[in-house]
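**Student:** Just so you know, the sequences run in chain order A and B. Numbered per this note's numbering, the first sequence spans residues 1 to 396. Numbered per this note's numbering, the second sequence spans residues 1 to 396.
Footprint (simulated), chain B over chain A, 3 or more residues, beta carbon under 8 Å:
#, stretch
1, 18-26
2, 96-104
3, 208-220
Simulated from the structure, these hints should not be mistaken for lab results. Remember, predicted model here, so these are calculated numbers, not experimental data. From the three backbone atoms N, C-alpha and C, an ideal C-beta is built for every residue, glycine too.
Residue strings, one per chain:
Number of protein chains: 2
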Amino acid sequence: MKKLYMMTPGPTPIPPEVSAQEGLPILHHRTSEFSAIFGEVIKDLKHVFQTQNDVLIMSSSGTGALESSVANLLSPGDTALVASAGVFGDRFIKIQEAYGVKTLVIRAPDGQVVDPEKIREALKKNPDIKTVFTTHTETSTGVVNDIRAIGKVVAPTPAILVVDAVSGLAGQDLQTDAWNIDVVCTGSQKGFMTAPGLAMVSLSPKAIPFVDSAKCPRFYFDYRKMRKTVTENQTPFTPPVTLLVAMAEALRQIRKEGLSNALARHEWLAKATRAGVQALGLKIFAQVPCNVLTSITVPDGVNGKAIVKRMREEYGVSIAGGQGDLVGKIIRIAHMGYMDRFDVVIALAGLEMILADMGSKIELGKGVAAAQRILITKPGAPAPAAKAAPATAGAR
Amino acid sequence: MKKLYMMTPGPTPIPPEVSAQEGLPILHHRTSEFSAIFGEVIKDLKHVFQTQNDVLIMSSSGTGALESSVANLLSPGDTALVASAGVFGDRFIKIQEAYGVKTLVIRAPDGQVVDPEKIREALKKNPDIKTVFTTHTETSTGVVNDIRAIGKVVAPTPAILVVDAVSGLAGQDLQTDAWNIDVVCTGSQKGFMTAPGLAMVSLSPKAIPFVDSAKCPRFYFDYRKMRKTVTENQTPFTPPVTLLVAMAEALRQIRKEGLSNALARHEWLAKATRAGVQALGLKIFAQVPCNVLTSITVPDGVNGKAIVKRMREEYGVSIAGGQGDLVGKIIRIAHMGYMDRFDVVIALAGLEMILADMGSKIELGKGVAAAQRILITKPGAPAPAAKAAPATAGAR
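Bound-form chain A, shown alone:
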């Protein structure tokens, strides 16, 4: 018998009430019953997106949503800026290049965030930039970009701001309307606590003319078709009915908890995780750590890939390693979606045991205790003053 614990940045654990919905007999999608659920989902999504904008739903992974934003907003030969802080930002560069878009790149070093001032300079120097793309929480390094500041830079220009919020939405604050984010792309399998296979995109009024004039080819991902059918609570093509019905239940749970409470819970779990990691003498890799994932610099002399492998094989705890240049150098523990205080305890307890077993000088229980000092408080409460809970520099 081995119980499995999923602490990877997507897919993430699914509440049993949500999974149970997937086991029910399937509905036909061209029915009033389905439309009622679809309408409820759109309404609840707008609440989580913090927007009055249109929200569209498609059958794809998050990458499909990202590609759809390029195909629907740009024409071949257009100039577009990508402000990347890691693997997921870099993916957007490749998508734009596949569509023949002239791509300008601002790349923050791994572990650092995008500097909004560099975006301001780029927009000034290149007034033909049509879209500015960036990432909300970049889970490859664990940082959160300052989307509010970037929104302030882009809003007064003719360009529109496109944000990959696949991993952050519902876990890390993102105020679509208040922060002037024109296009937000996300997926079902992270903060939305549902299986992968659904992607969601919001479109501001400023973005609509881009959709109407874009010349990149698109049919399946055509926002024009989706905008028509969404008014009838339908999708242009057969939706993944089961996933949508399940996500309706996940959204009901978010509504019941309250979005601000869910965001505070993620912040609390993140603070506890960071406190535990730091109490063990380990370093947080991200300079501005996000609330949905903690990235940890692997101590000298320890193989990061071995930590991940042994955590999973010996303890049943799935965490993630580094990607690209960071393979073996960092490990990543997700705390997004259906997660409570004991998930943090499990992750830290497992990490302590594995590191101790691998020969690191680790005092068993020390990281857990530091986390407990935060987890004994309520989410949103001021951090305890006790010296054993180190300040979490840069956290927000």
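Once you have looked at the hints, place chain B on chain A.
**Tutor:** Just chain B now, kept in the frame of chain A:
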């Protein structure tokens, strides 16, 4: 209390053992456990596709798979032939046009099938045709095209044959390799007895150079990436894990039944449905009816939309109406996937009661009895000689 019966051409009913898989805790996709299931799925898919070719899996509806074939096989300005027999064939014309492909069209009138000789003439007259697209079972009208004959026409030319088998595969015989079909596109929610959200595409060796040289933009749907990762039993982007694990169970059920038995069962259900319909004095709309759906011409003076609405609202039986020009003129009863003899009995019994109630001269039980005379035999058995079971002209 109202029990619901799903007899629409997708989504279709899901076996409880398959639904149950969806309710299990989610797996992480970058694990050996997931890869083992993925490998099993690919192997079982090849069996159902009747192919040794590569089979790729993507997270999308069937339309996404169709679009992926255009984006991966063609370049803007290429010439491509679409041989359509209905709404789903016509959709492919729109996809090709969205990608700037020069599209030649052969359109069979509604209810009729594509004439392979017309494809031969078109290929002779336009040697620059790169791909020939057609539909296997066209569920908008209920016909099945003669894919074997079309394969014979296309195989000796430089063109490749792309077949939309979204609704037919696993229900109506399609021999990918023996019939020389280069690209077969399908989805999870019909014969594969799984929820919608997964699409599958097979690629022949003749098609591979098309993939390598195509200039249409693609990233999410890029077969080159999928061909690389499939060798490691992985997908380039997060797959819809839950749907894939569920489809693995559905494929196990198909394997257990035996593909030839599953195909014979569909033929048997189709024959029984047609016999019942004809015994009621109604006409089969399709000239060459397929085995996964029966299309019925609505009797004069009866509103086809009302039949569908009342069947669903009063009897809980979901059937489909006509699409496009056929709205109100035909009704469509699906018998694809997880269907046995009593599904046919329910559909016919419900139809009889609704028609009688709407004032048609219907002898209650007459259609059911005609179907029973076939359903009392075993699938694959020769049709009974009794006069009450009319010959099913054109059936295969």
